[in-house]
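With chain A fixed as given, assemble chain B onto it according to the hints.
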Amino acid sequence: MKRLEDIKGLEALRKKLEKKTFTEGSKRVHACCGTACMATGAKGAIESIERTAAENKIDVEVVKTGCQGLCQKGPVMVFEPTGYFYQKVKPRDAEKMVEYSLKQDIPYRQSLYRKDYLSQPVEKMEDIPFYSKQVRIALRNNGRIDPENISHYIAVGGYAALEKALGGMSPDNVLDEVDKANLRGRGGAGFPAGRKWWHTLSSGGDVKFVIANGDEGDPGAFMDRSIMEGDPHSLIEGMLLCAYAIRARYGLIYVRHEYPLAVKNLGIAISQANELGLLGDNILGSGLSFTIDIREGAGAFVCGESTALVASMEGDRGFPRVRPPRLSEHGGGVWGYPSNLNNIETFVCVPPIIEKGSDWFRSIGTENSPGTKVFALTGKVKNTGLVEVPMGITLREVIYDIGGGILDDKAFKAVQTGGPSGGCIPKQHLDIKVDFDSLWSVGSMMGSGGMVVVDEDTCMVDMAKFFLAFTQSESCGKCPPCRLGTHHMLQILERITSGSGTMEDLDELERLGKLVEKTSLCGLGQGAPLPVLSTLKYFRQEYEEHVNDKYCSAGVCKGLGVYVVDHDQCILCGLCVDACAFDAVKETRDSYFIDLDYCTRCKACLGVCQPKAIKVFRNTKEAFEQKV
Amino acid sequence: MKKEGLIDHESIGHFGGVLTEAQKNKGLLIHSLQSIQAIHNYLPEDELKSLSKNLRITLSEIYSTATFYKQFYFTPRGRNIARVCTGTACHVRGAVEILDALKQEFKIEEGETTEDASLTLETVGCVGCCGLAPVLTVNEEIVGEVEEEKLEQIVDQIRGDNGGSNEEA
Chain A
1 MKRLEDIKGL
11 EALRKKLEKK
21 TFTEGSKRVH
31 ACCGTACMAT
41 GAKGAIESIE
51 RTAAENKIDV
61 EVVKTGCQGL
71 CQKGPVMVFE
81 PTGYFYQKVK
91 PRDAEKMVEY
101 SLKQDIPYRQ
111 SLYRKDYLSQ
121 PVEKMEDIPF
131 YSKQVRIALR
141 NNGRIDPENI
151 SHYIAVGGYA
161 ALEKALGGMS
171 PDNVLDEVDK
181 ANLRGRGGAG
191 FPAGRKWWHT
201 LSSGGDVKFV
211 IANGDEGDPG
221 AFMDRSIMEG
231 DPHSLIEGML
241 LCAYAIRARY
251 GLIYVRHEYP
261 LAVKNLGIAI
271 SQANELGLLG
281 DNILGSGLSF
291 TIDIREGAGA
301 FVCGESTALV
311 ASMEGDRGFP
321 RVRPPRLSEH
331 GGGVWGYPSN
341 LNNIETFVCV
351 PPIIEKGSDW
361 FRSIGTENSP
371 GTKVFALTGK
381 VKNTGLVEVP
391 MGITLREVIY
401 DIGGGILDDK
411 AFKAVQTGGP
421 SGGCIPKQHL
431 DIKVDFDSLW
441 SVGSMMGSGG
451 MVVVDEDTCM
461 VDMAKFFLAF
471 TQSESCGKCP
481 PCRLGTHHML
491 QILERITSGS
501 GTMEDLDELE
511 RLGKLVEKTS
521 LCGLGQGAPL
531 PVLSTLKYFR
541 QEYEEHVNDK
551 YCSAGVCKGL
561 GVYVVDHDQC
571 ILCGLCVDAC
581 AFDAVKETRD
591 SYFIDLDYCT
601 RCKACLGVCQ
611 PKAIKVFRNT
621 KEAFEQKV
Chain B
629 MKKEGLIDHE
639 SIGHFGGVLT
649 EAQKNKGLLI
659 HSLQSIQAIH
669 NYLPEDELKS
679 LSKNLRITLS
689 EIYSTATFYK
699 QFYFTPRGRN
709 IARVCTGTAC
719 HVRGAVEILD
729 ALKQEFKIEE
739 GETTEDASLT
749 LETVGCVGCC
759 GLAPVLTVNE
769 EIVGEVEEEK
779 LEQIVDQIRG
789 DNGGSNEEA
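So the protein lines, in turn, are chains A and B.
Just so we're aligned, residue 1 is where the first sequence starts under our numbering, counting upward by one.
Just so we're aligned, residue 629 is where the second sequence starts under our numbering, counting upward by one.
Rather than coming from a laboratory, the hints here were simulated on the basis of the structure.
When the alpha-carbon atoms are kept at most 27 Å apart in a straight line, the in silico BS3-like pairs for lysine-lysine are as follows: (1) A/Lys90 <-> A/Lys124; (2) B/Lys778 <-> A/Lys90; (3) A/Lys558 <-> A/Lys621; (4) B/Lys778 <-> A/Lys43; (5) B/Lys652 <-> B/Lys677; (6) A/Lys2 <-> A/Lys15; (7) A/Lys586 <-> A/Lys603; (8) B/Lys652 <-> A/Lys264; (9) A/Lys133 <-> A/Lys356; (10) A/Lys8 <-> A/Lys19; (11) B/Lys731 <-> A/Lys558; (12) A/Lys612 <-> B/Lys778; (13) A/Lys586 <-> A/Lys615; (14) A/Lys115 <-> A/Lys382; (15) B/Lys652 <-> A/Lys478; (16) A/Lys27 <-> A/Lys124; (17) A/Lys612 <-> B/Lys731; (18) A/Lys57 <-> A/Lys20; (19) B/Lys698 <-> A/Lys264; (20) B/Lys731 <-> A/Lys603; (21) A/Lys2 <-> A/Lys19; (22) A/Lys382 <-> B/Lys778; (23) B/Lys735 <-> A/Lys603; (24) A/Lys603 <-> B/Lys778; (25) A/Lys478 <-> B/Lys698; (26) A/Lys43 <-> A/Lys382; (27) A/Lys537 <-> A/Lys550; (28) A/Lys478 <-> A/Lys514; (29) B/Lys778 <-> A/Lys88; (30) A/Lys427 <-> A/Lys115; (31) A/Lys558 <-> B/Lys735.
If we strip away everything but chain A, and leave its shape as in the complex, we get:
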C-alpha cells in the first residue's frame, strides 16, 4: 500500500476500504485463531471449510480473527451474513456448516451453543448469556477482524481517533480528554492515566518514551495477550495518541517471550503501519514523528513491575528499585529519559475515548472507575474465557450469568482476583460491585484482571500455598522482606498442609504477612502475602481444621485424615492394592480394608479407585459414625 501523506489520504482510504470490506450480504466466516482455539484444532476446521467451499464453488472469505472470548468451547466461529455462532467445530462439522449455512442460510443445529443437552440451541452470538452481558471497548475488534490485515482495522473505524486528534485537536486537548475520562490504569493499581501523562509531559526534555507493558505474568490472566494477538493496531493507535499528547518520540512494547504469536502479530502490525506512514517521520503530514520497537522479555515475573521492566529493557537483571525518581521523571525512565508506561489494555481504551469523547466513557461503569474491564474468567466455571464487563457489575453476575455457574453445579467457595498478589473473596461478598475501590475494601484487588473461581473441592490453604510458592520463586531477591519473608511463610504453610502445624503458626503467619506487606520494596512483595492474609481472614476455620483435626475437608492436602474403604461402594477390583506402595491395603476373603498403621495418606489409592469407594474422614470416630 502507498504511504499516506496527509489526513485526507487516510480518510479517502477508509472510505474506499469501507465499501469493499465486510460488505452486507457477503459470505464470510469469522474463525477464531487465538492460541486456545488453535490448540483445539481451529486450523483443521478452517482448512475443511475452505476445501468444502471450493468444492461447492462457494465464494467465501475466511477471516482469521483473534480471540473471541469463549475459549472453552473452541474452536468457535461466526458465519456471515446469517450470523450463526458455532462452537467446538470439528473438521467433519465444518463441511456440514458450509452446506447448511453458506449454501442455504440455515443453521447447523448440532454445533450451535446450548446451555445443556436439553435446552434449545442459541443461534446468534449476542443471544448467548456469555456475550449478552458484555460491553466491549478494549476488545471491540477482537473476533471481528484479521489482526494481520491493516485494511480490516481501518475499515471498521481504526485510526479514526488519530485522524480526529491530528486533524483538529491540540496535544493538550487530547491529554485533557483522557484526563477527564478518568481512565484508570488497567494494570492493577488503577492510577489515572491522564495524571501519569501530565507528569511525563511536565518533565520536559527532548526525548521521551512511551512504553506499553505487555509482560503479563500473572498465572490465570490472558487479557493483554488476546489484545496483542487479536487487535495489535488498537495498541499502536493508543500509543500514537499518547505520544502525540506528551510529545514523545519513541515507543517500546515489552512482551513476554511466552507469547510468540503476540510478538509475531505486533511485528506485522508495526511494519504495516510504517509502510502506510502511520508510524515513522512526519505522520500524515502533521509533524508528529513516532516509532515503535518490540522488546521480548526473558521469563521473569517481576519484570511486570515498571522499574524492573525498565532495568530489563536496558539489559540488566530485572531488579525493581526505589521510587522516586518515578519513570515519568528525568533519570527515572528507560536510559534515564522520562517514560510513560501503561498497560496494554489502558492504551487500547484511549482511541474510543478520543473518538467518542470523555462523557461517553464516563457514562459506562461507576463514578470512580469509569469504563469497562477485561477479565480472564477461569477456574471451575462452566464458561471460561475472556469477558469484558462494565465496572460496577457484581461478581455474582460475572460468575453465574456470564460464567454460567460452577462446573458440575457444585457449591461456590471463593473467587480469587488480582493474580498472585490479590486476595480471595468469599461467598458473602458475591454481591459487591467490581471496581478498583470495592475490591480493595474486601481485601483483594483488581489486579490485571485474572478471576479464578474455586469450588468446594478446592482447599483454601493449598490455594494460598500455591500462590505464595509462585511469588516466592519469582521473588527477585533484592529486598529481604520479600526474599526471606515469603520463604518463611511458605515453610509454615507446608507444615500446616502436611499436618504438623500449630495454632502459634497461624499467628506467626499473620504477623509475617503484614510485615512483608508493609516493608517490601515493590508491588510483588507487597502483594505476595495477600492471598494468605485474605484466606486467613475469611477461611480461618480451614486453617484451624488442618492444624487441630489434621484433616482437609476438600480432600486436597496429602498426609491428612483417615482413609477408609466404603464396602457398599467397593467393587473389589483390587486396584488400590497395587497402587499402595506401603502395603497398607489389606485383603480379606470378601473385602479390602486400609491398615491405618501403615497408611501414609499419600492419596495413591484415592486416585485409582474408580467407584470412589475410598473415603477420607476427619478421624476414626467420624468414620465409625458414618457406618462405613
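Only chain B this time, still in chain A's reference frame:
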C-alpha cells in the same frame, strides 16, 4: 569480530541515536542471548565469551543477567521439551497429577533431561490458555484439556522419537 552476524546493531531499534555506545551494547545483551539460545538450544560458554568481547561487557555481567531470567539454560536440553503449565487455573484443574505422571513415566525430576536426551521436563507459569486447563506444551504445540488418553499419546510420541534414534545407533 567473527560473530558479527549474531549481533545486529540495527536491532536496538529506532532510538539508537539517543543512546551511548555502552548503553546500546547493554541493550542488545538479552536480545543476543535469545538469538544464541535459538541456535544452540542453550547458552554454551564459548559463545558467551565471544559475546562478551563483541559487546564489551564482562563475562560476569553477562552471567549476572543471564542467570536472572528463567528463559536461559546453561546445559544442553532434550530433543523434546514438555512444559506442564502450573498456572492457577491449571493447578485447580489438576496440573500436579500430570506433572507427577510424566515424572514417573520418564523417571526424571522437574527441570531435568532424560539420559537419552529425548525429553526435558519443565513447568511454566502460565501459557495463557487457562480456558483449556490443564494445559501441557510439547515443543511449540499447546495441548489443552489434558487427560489420561491424551497424555498417553504424548508419551508414545516422545517414546517414538526415542525409538527412532536407537535404531540408527
